[in-house]
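2 protein chains.
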Amino acid sequence: MTRSRELHLVARPTGLPGPEVYHMAERDLPRPVQGEILVQIRWLSLDPYMRGRMNDAKSYVEPFRLNAPLDGGVIAEVMESHDPGFEAGDLVLAHGPWAEYAVLKAAGAQKLPRGSRVPPQAWLSVLGMPGMTAWTGLNRIAEAKAGETILVSSAAGAVGSLAAQLAREKGLRVIGVAGGADKCAQAVAEFGCDLCLDHRGKEARELSKEIAEAAPHGVDIYFENVGGTTLQAVLPRMNTFGRIALCGAIAWYNDPASAPPASHIWMPIIQKRLRVEGFIVSDHAAHRGAFFDEVLPLVEAGKILWHETVANGLEAAPEAFAGLLQGKNTGKQLVRIS
Amino acid sequence: MTRSRELHLVARPTGLPGPEVYHMAERDLPRPVQGEILVQIRWLSLDPYMRGRMNDAKSYVEPFRLNAPLDGGVIAEVMESHDPGFEAGDLVLAHGPWAEYAVLKAAGAQKLPRGSRVPPQAWLSVLGMPGMTAWTGLNRIAEAKAGETILVSSAAGAVGSLAAQLAREKGLRVIGVAGGADKCAQAVAEFGCDLCLDHRGKEARELSKEIAEAAPHGVDIYFENVGGTTLQAVLPRMNTFGRIALCGAIAWYNDPASAPPASHIWMPIIQKRLRVEGFIVSDHAAHRGAFFDEVLPLVEAGKILWHETVANGLEAAPEAFAGLLQGKNTGKQLVRIS
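Protein chains in written order, with the working numbering: chain A, 1 to 338; chain B, 1 to 338.
Check before you lean on any hint, since a few could be wrong.
The list treats identical chains as interchangeable, and a pair is accepted whether it falls inside one copy or across any two copies.
In silico BS3-like cross-links for lysine-lysine, where the CA-CA straight-line distance does not exceed 30 Å [claimed, not checked]:
#: 1; residue 1: Lys-209; residue 2: Lys-328
#: 2; residue 1: Lys-202; residue 2: Lys-58
#: 3; residue 1: Lys-209; residue 2: Lys-145
#: 4; residue 1: Lys-202; residue 2: Lys-105
#: 5; residue 1: Lys-58; residue 2: Lys-303
#: 6; residue 1: Lys-272; residue 2: Lys-145
#: 7; residue 1: Lys-111; residue 2: Lys-303
#: 8; residue 1: Lys-272; residue 2: Lys-170
#: 9; residue 1: Lys-272; residue 2: Lys-58
#: 10; residue 1: Lys-272; residue 2: Lys-105
#: 11; residue 1: Lys-145; residue 2: Lys-303
Keep in mind that the hints were calculated from the coordinates and are not lab data.
No experiment lies behind these values; they were computed from the predicted model shown.
Kindly produce the complete structure, drawing on both the sequences and the hints.
As structure tokens, this is what we get:
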């Protein structure tokens with residue numbers, strides 16, 4: 001019998017989710033049956049989309065249930081396998097609970113290659129959902145081409161830092177936007193940005209002026225992760241027939257009413273004949289092969305850098321998640337469980 | 001020497017443009033020189049995009065100048081030709097001033113076919129900019145396919161009534177939205193809508209419920225002319241991977257701040273993976289041949305209906321334009337000058 005601590009969602013937050021919406025529970029796991037594996041969870045992935053799942057609203061993923069563990073991408077080690085595809089000691093990428101141990105369906109787990117120089121948690125970031133998201137937005141949504149100018153918001157974030165580097169590899173001019181001087185310096189030094197603008201404490205008008213100086217020929221592609229001031233600032237700088245790859249809008253997740261009037265974004269889309277396309281990485285799973293073909297060699301060759309912000313222990317997850325929503329992380333936000 | 005009355009813009013309006021922003025002037029026209037034609041203007045086209053030109057803001061067309069005549073599409077009769085391509089009595093489609101007479105460059109005028117059963121002002125509506133706009137939005141932007149469900153706003157308007165009929169001809173299920181019971185009845189009886197919903201006096205939630213009933217399989221394409229309540233109402237009913245052909249947002253032209261928070265439209269675009277594309281008909285001029293090939297035979301065969309709301313005399317243009325912005329017209333708003 002395996003005893004496991006689990007982090008439950010016990011209330012639906014308004015605004016920023018505080019510690020009061022979580023409860024640390026403990027229980028004995030059921031024994032795994034045929035087709036299942038018992039795993040010890042090593043790493044949790046924290047991602048902005050999880051904020052939407054805390055609301056009781058239907059979206060592209062089901063809301064988290066109350067009084068049950070939250071869940072998401074995990075890296076785990078197989079302790080006990082009841083499936084021919086896995087053996088004890090295998091590391092897997094899976095969808096699992098915020099817990100120390102779990103019994104998972106083997107069919108949903110993906111075995112990581114043994115002996116790779118890439119650390120296992122990279123399969124939650126550069127080689128996982130954020131990497132695939134960056135690649136998809138850039139290639140399949142925005143149809144980026146060498147010589148174009150791209151503006152990437154959250155340029156030091158998990159997705160943005162990879163979108164910026166992949167864009168640079170493709171031969172685009174890359175302008176980052178990030179919150180704070182440190183993140184901006186990092187976006188330029190490590191994450192492929194030609195330059196990076198700090199949005200902190202700025203009105204849209206001021207940031208827009210800086211974008212105009214940074215992009216004298218205008219912006220062809222906006223890789224949108226944030227909404228908020230950055231969106232307002234970039235719209236007047238978009239070139240006619242520009243594209244917006246609409247990946248997220250983290251600035252509005254906690255407080256949708258803080259957004260400017262919709263007309264402020266709708267009118268420029270007409271006037272500049274922009275193409276705006278929302279996308280969810282899971283729709284593009286059929287193209288994971290093309291993603292790996294392009295990105296895995298770059299990672300193994302050390303041509304793509306990624307950062308991790310690591311919180312230690314299951315009990316650290318709530319604060320780390322609130323920090324992620326406030327932009328306190330650099331790169332991928334992870335929780336190391338064991 | 002030809003003396004002509006002209007309607008000048010003398011102030012930039014806030015909100016709905018009233019009579020105080022216009023001034024009726026009168027002057028002697030210069031004599032036409034080589035390459036020019038002197039015309040008597042018969043019909044003015046009034047179009048919603050002209051409201052944007054009244055503001056002093058750069059957009060895809062230049063703002064109207066102050067203390068100069070407004071301008072737009074006109075049908076005119078050639079009085080005197082100094083160009084081998086035209087002779088007195090020719091009817092032309094051109095860009096001209098809100099005036100009784102004008103001297104125009106011959107190169108910018110298009111001679112209308114003589115002896116056609118189609119009345120000349122139809123070249124300002126079904127065979128002109130509104131018709132080409134409807135065709136472009138449907139075919140080149142939304143890529144409409146038989147069997148899909150389209151929602152057309154302003155379904156009794158100049159563009160909407162043609163988009164609805166062309167969609168029906170293509171085999172789509174067509175749901176109209178219009179303001180008032182009369183327009184809705186007309187949209188169904190004459191303009192190709194399977195049914196039409198009245199948005200007047202309704203909250204977005206109520207209209208959204210009616211759309212859900214009208215489109216039990218969801219909405220694949222939204223032909224967006226209005227913004228406002230209709231946009232808010234249709235977004236929750238859009239199918240995953242739906243398309244929005246973004247042609248205009250008349251509800252917000254006079255009062256952009258009346259729009260809901262931008263997050264209310266940005267988030268569903270992500271969640272439903274919508275493709276939103278703004279378009280301006282003039283970008284698609286190269287496809288006018290394809291438009292005529294498809295639409296002229298339908299018009300000549302009486303398969304496409306269009307309505308006109310006609311104001312009489314240059315002095316009637318200001319009130320007619322305000323009425324257009326308030327949705328008082330049915331179909332194309334014209335001013336008959338002579």
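Outcome of the hint check:
Proximity of Lys-209 to Lys-328 under the C-alpha cut-off of 30 Å is restricted to the intra-copy arrangement: shortest distance 26 Å within a copy versus 41 Å between copies. For the identical chains of this complex, Lys-202 and Lys-58 are inter-copy neighbours only, at 24 Å across copies versus 34 Å inside a copy, given an alpha-carbon limit of 30 Å. Taking CA atoms no more than 30 Å apart as the test, Lys-209 paired with Lys-145 passes inside one copy only; the shortest distance there is 25 Å, against 42 Å between copies. When the C-alpha separation of Lys-202 and Lys-105 is checked against a cutoff of 30 Å, the pair qualifies neither within a copy, at 48 Å, nor between copies, at 49 Å.
In this assembly of identical chains, Lys-58 and Lys-303 lie within 30 Å of each other by CA distance neither inside one copy nor across copies; the values are 39 Å within and 43 Å between. Taking CA atoms no more than 30 Å apart as the test, Lys-272 paired with Lys-145 passes in both settings, with 19 Å inside one copy and 26 Å between copies. In this homomeric assembly, Lys-111 and Lys-303 come within 30 Å of each other (Cα to Cα) only inside a single copy, at 25 Å, whereas the closest approach across copies is 62 Å. Both within a single protomer and between protomers do Lys-272 and Lys-170 lie at most 30 Å apart by alpha-carbon distance, with minima of 25 Å and 29 Å respectively.
Within a single copy, Lys-272 and Lys-58 get their C-alpha atoms only as close as 32 Å, which misses the 30 Å cut-off; across copies the closest is 11 Å, which meets it. Taking the shortest alpha-carbon separations for Lys-272 and Lys-105, only the inter-copy value of 28 Å comes in at or below 30 Å, while the best intra-copy value is 49 Å. Only within a single protomer do Lys-145 and Lys-303 lie at most 30 Å apart by alpha-carbon distance; the minimum there is 20 Å, versus 44 Å between protomers.
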